[in-house]
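Residue numbers (numbering that gives the first Met the number 0), protein chains in the order written: chain V, 0 to 486; chain U, 0 to 89; chain F, 0 to 89.
If you are wondering where the hints come from, they were derived from the structure by calculation, not from laboratory data.
Warning: the hint list may mix true and false statements.
To be verified - Label pairs and their computed distance ranges (CB to CB):
no., chain 1, residue 1, chain 2, residue 2, range
1, V, P243, F, W35, 27 to 37 Å
2, F, A8, V, G404, 40 to 50 Å
3, F, L50, V, Q448, 50 to 60 Å
4, U, T1, V, K228, 33 to 43 Å
5, U, L2, V, R365, 50 to 60 Å
6, U, H32, F, A8, 52 to 62 Å
7, U, L83, V, R173, 13 to 23 Å
Stated by the list, open to error - A few chain V residues facing chain U, derived, Cβ under 10 Å:
no., residue
8, D162
9, T187
10, F190
11, R284
12, L321
13, V324
14, F326
15, R424
Glycine included, every Cβ here is placed at the ideal spot set by N, Cα and C.
Each chain, written out:
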Amino acid sequence: MNALGKALLGLHAWGGMVFSWLLVPIFIAGSLAVFEPEISHWMRPEVKFADFSQSTAAMLGEARLRQVGAESAVWRLRLPTERAPSIGIGWGENPRALQEETLEAVSGQPLQVRATRGGHFFTDLHAELLLEAPGKWIVGAVGIFMLAALVSGVLIHHRILRDFFTLRPRANRRRAWLDVHNLVGVATLPFLLMITYTGVVILAEAFMPAATYALYDGKPRANRAEVLKTFERKASGEAGQLLPLAEHLAAAERELGAGTISNLLIRHPADRNGLVQAYRHVNDRLSAVADHVTFDAVSGEVFGKQVDWNPMAYAYRAQVGLHVVHFGGSALRWLYFISGLLGAAMMAAGTVLFLRKRRQRHGAGRSQRWLEAFGIASVSGGLLACLGYFWSNRLLPVALDGRAGYEVVAFFTVWAAALAHAGWRGWAAWREQFMLAGLLAVLILPLDQFTGGGPDVMRQGFDLTAVLLGGLLLLIGWRFFGGEAER
Amino acid sequence: MTLLFIVALLLIVAGMAGLALGMARHFQAVFRHPPAAGVLHWWRGAGWLLLGLALLPCVAGWGVAIGIVLWSGLLAAGVIAVALYLARDR
Amino acid sequence: MPFLSADKAHLCLRILAAALGGYALCWAIFYLLCSWLPYEKATVWYLTGQLAPLPFVGVLLWAFIIPSPGRALGWPLLWAAAIALFGWLA
Numbered sequence: 000m001n002a003l004g005k006a007l008l009g010l011h012a013w014g015g016m017v018f019s020w021l022l023v024p025i026f027i028a029g030s031l032a033v034f035e036p037e038i039s040h041w042m043r044p045e046v047k048f049a050d051f052s053q054s055t056a057a058m059l060g061e062a063r064l065r066q067v068g069a070e071s072a073v074w075r076l077r078l079p080t081e082r083a084p085s086i087g088i089g090w091g092e093n094p095r096a097l098q099e100e101t102l103e104a105v106s107g108q109p110l111q112v113r114a115t116r117g118g119h120f121f122t123d124l125h126a127e128l129l130l131e132a133p134g135k136w137i138v139g140a141v142g143i144f145m146l147a148a149l150v151s152g153v154l155i156h157h158r159i160l161r162d163f164f165t166l167r168p169r170a171n172r173r174r175a176w177l178d179v180h181n182l183v184g185v186a187t188l189p190f191l192l193m194i195t196y197t198g199v200v201i202l203a204e205a206f207m208p209a210a211t212y213a214l215y216d217g218k219p220r221a222n223r224a225e226v227l228k229t230f231e232r233k234a235s236g237e238a239g240q241l242l243p244l245a246e247h248l249a250a251a252e253r254e255l256g257a258g259t260i261s262n263l264l265i266r267h268p269a270d271r272n273g274l275v276q277a278y279r280h281v282n283d284r285l286s287a288v289a290d291h292v293t294f295d296a297v298s299g300e301v302f303g304k305q306v307d308w309n310p311m312a313y314a315y316r317a318q319v320g321l322h323v324v325h326f327g328g329s330a331l332r333w334l335y336f337i338s339g340l341l342g343a344a345m346m347a348a349g350t351v352l353f354l355r356k357r358r359q360r361h362g363a364g365r366s367q368r369w370l371e372a373f374g375i376a377s378v379s380g381g382l383l384a385c386l387g388y389f390w391s392n393r394l395l396p397v398a399l400d401g402r403a404g405y406e407v408v409a410f411f412t413v414w415a416a417a418l419a420h421a422g423w424r425g426w427a428a429w430r431e432q433f434m435l436a437g438l439l440a441v442l443i444l445p446l447d448q449f450t451g452g453g454p455d456v457m458r459q460g461f462d463l464t465a466v467l468l469g470g471l472l473l474l475i476g477w478r479f480f481g482g483e484a485e486r
Numbered sequence: 000m001t002l003l004f005i006v007a008l009l010l011i012v013a014g015m016a017g018l019a020l021g022m023a024r025h026f027q028a029v030f031r032h033p034p035a036a037g038v039l040h041w042w043r044g045a046g047w048l049l050l051g052l053a054l055l056p057c058v059a060g061w062g063v064a065i066g067i068v069l070w071s072g073l074l075a076a077g078v079i080a081v082a083l084y085l086a087r088d089r
Numbered sequence: 000m001p002f003l004s005a006d007k008a009h010l011c012l013r014i015l016a017a018a019l020g021g022y023a024l025c026w027a028i029f030y031l032l033c034s035w036l037p038y039e040k041a042t043v044w045y046l047t048g049q050l051a052p053l054p055f056v057g058v059l060l061w062a063f064i065i066p067s068p069g070r071a072l073g074w075p076l077l078w079a080a081a082i083a084l085f086g087w088l089a
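Extracted from the complex, chain V is given alone in its bound form (with noise of 0.2 Å):
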């Protein structure tokens, strides 16, 4: 091998080892972030998946915000969909900090749902760690080095064209690992490269605001403001009747299209100047802009109307919405978190690779546990920690006071229990821990079914697709980290 790729392969196997750590864990977080809703809906079990009628939950939203927030400057009002059945209310002064609630579909009687963060939590521990603002510098240049990983990966494993569609499993253990990580590395090439540019794009205004500083003097979300019309007035101090939503959200259907619309935003909804905007959900485009349009509250008429955007604008957020997947259906969900899960398997493999030769090389000092329990701990660990993030979900008392916050709390003991175990049990860790996860993946249908207060649609879907993913598991317990004692 020449200079410059003996560089880039030290760049690509110690780099690509240390910041898999962080990278596996975002990649799976990632994956599960798609299915935000779904998880959401499982985590509260209260909530029944029902058939709802968008305009009677308008209705009914109505009607409890004129109980609970009568004299409120703002409402919203967040419509059931396929994938998050039940009514989100919110009301207060500020657009920002609402009191929010959760309202039946069908009754809209108020839900008693126990406190979690969710799948939101997943989202949060993709984007930024749970760390706000650090956490976007750090999983941004995270990224950044997942693009560079990526390409020195091409140019050092120069064999990917000549070894295409080329797996050796019971060719020696190496070749086997090597396989994989170039196989699934390959395969996936063009969804690694979109999802990790995407996504440092979107950090990019968090680390990166050198337009931000040229162009509006440092002020966040100027540019946003400059491309958003917003469609605003002062309230004038008079009473005024507002027409029912349902006959709002009428009209706005007949605006931006049949059951298009997700969400409802009405402002100073007792006064004569009240406005009802309605916003357009993003289904079924890759930008992920919501067009909007906005009524006068008492007569109905149309005050404004946004659906076409400053075209930079629209291809940013097309990167955006590549990114976020909102669009497609359940075909692309599925395909984006499951290549995910390859991407994080992908990193796995090559991380198993650089340990097992390093181990031969160096033998198992102390320096080599750690970097192994590092590795464990952040693939099957971080796997650990997810399931035990769900278990407590189901296990913890439902009035307990900060709920949410043990849940999360869960999620970080279990992973440091996973690490102080791959630290005491070395590379059979690695097994063990793999069939604890599948195990434990595989029960959360009995766990459902226990605590889960009767059957729903999309908590079964969940069970499902956790059994399979369990049995996976347990498949590659066996059979990668299985008959191979230490090394």
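On the provided structure of chain V, position chains U and F as indicated by the hints.
Using the frame of chain V, we list chains U and F on its own:
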């Protein structure tokens, strides 16, 4: 939608199988004899053609933009499915 | 044995070059684009946002390919300064 998805997936797996059979090593593994001169080109051509055809159901069901994303994502499924089949054979 | 061997010092220098050089170069390029492109402010903002990963990845790879770690840090900073100067003059 489901039907279009299945058609697209089958076309992509078939296309990837064509590309694999266009490589001497995999051709030999499947047919148990070395490829005749020039025959690999035909397999590769058929593979690319099928991969191209798979774009049609994707675009028909999901529109141009989303269809292309779906198509390129399915390529990974095709590669892995064919590789797993060939690994069984070995 | 010294606390920092020559190899480790070089590695630190390269990591510094990748992080600092990439950041400086990206900032300079965005500054140049913002002062030079004759489009609406929002258009320029959303254009730069889509380009952000490129300078970082370029400098990162460069910092580990180039034999001399001093140059790995020096060149990106020099380029960043030159580009920023251009942007200031534009």
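Does 27 to 37 Å hold as the CB distance between P243 (chain V) and W35 (chain F), or does it fail?
-> Because 53 Å falls outside the window, the suggested range is violated.
Grab the minimum C-beta distance from R424 (chain V) to chain U and call the hint holds if it beats 10 Å, violated otherwise.
-> violated, 30 Å
Does the Cβ pair L2 (chain U), R365 (chain V) satisfy 50 to 60 Å?
-> holds, 58 Å
Do the Cβ positions of A8 (chain F) and G404 (chain V) conform to the proposed distance bound of 40 to 50 Å?
-> At 44 Å between Cβs, range holds.
Quick one, is the V324 (chain V) hint okay against chain U at 10 Å, beta carbons?
-> holds, 9 Å
CB of L83 (chain U) to CB of R173 (chain V), is that within 13 to 23 Å?
-> With a Cβ separation near 20 Å, L83 (chain U) and R173 (chain V) satisfy 13 to 23 Å, so the hint holds.
Does the CB of T187 (chain V) sit less than 10 Å away from some CB of chain U?
-> holds, 5 Å
Against chain U, run the beta carbon of L321 (chain V) and see if the smallest gap drops under 10 Å.
-> At about 7 Å, which falls below the 10 Å cut-off, the nearest Cβ of chain U leaves the hint on L321 (chain V) intact, so it holds.
Using the beta carbons of H32 (chain U) and A8 (chain F), state whether their distance is inside 52 to 62 Å or not.
-> holds, 59 Å
Chain U contact restraint for F326 (chain V) - C-beta distance below 10 Å | holds, 5 Å
Given a hinted range of 33 to 43 Å, is it respected by the beta-carbon distance of T1 (chain U) and K228 (chain V)?
-> About 39 Å separates the Cβ atoms of T1 (chain U) and K228 (chain V), which means 33 to 43 Å holds.
At a threshold of 10 Å, is the proposed contact between R284 (chain V) and chain U supported by beta-carbon distances?
-> holds, 7 Å
Checked against the numbered hints above, the structure violates hints 1, 15; every other hint is satisfied.
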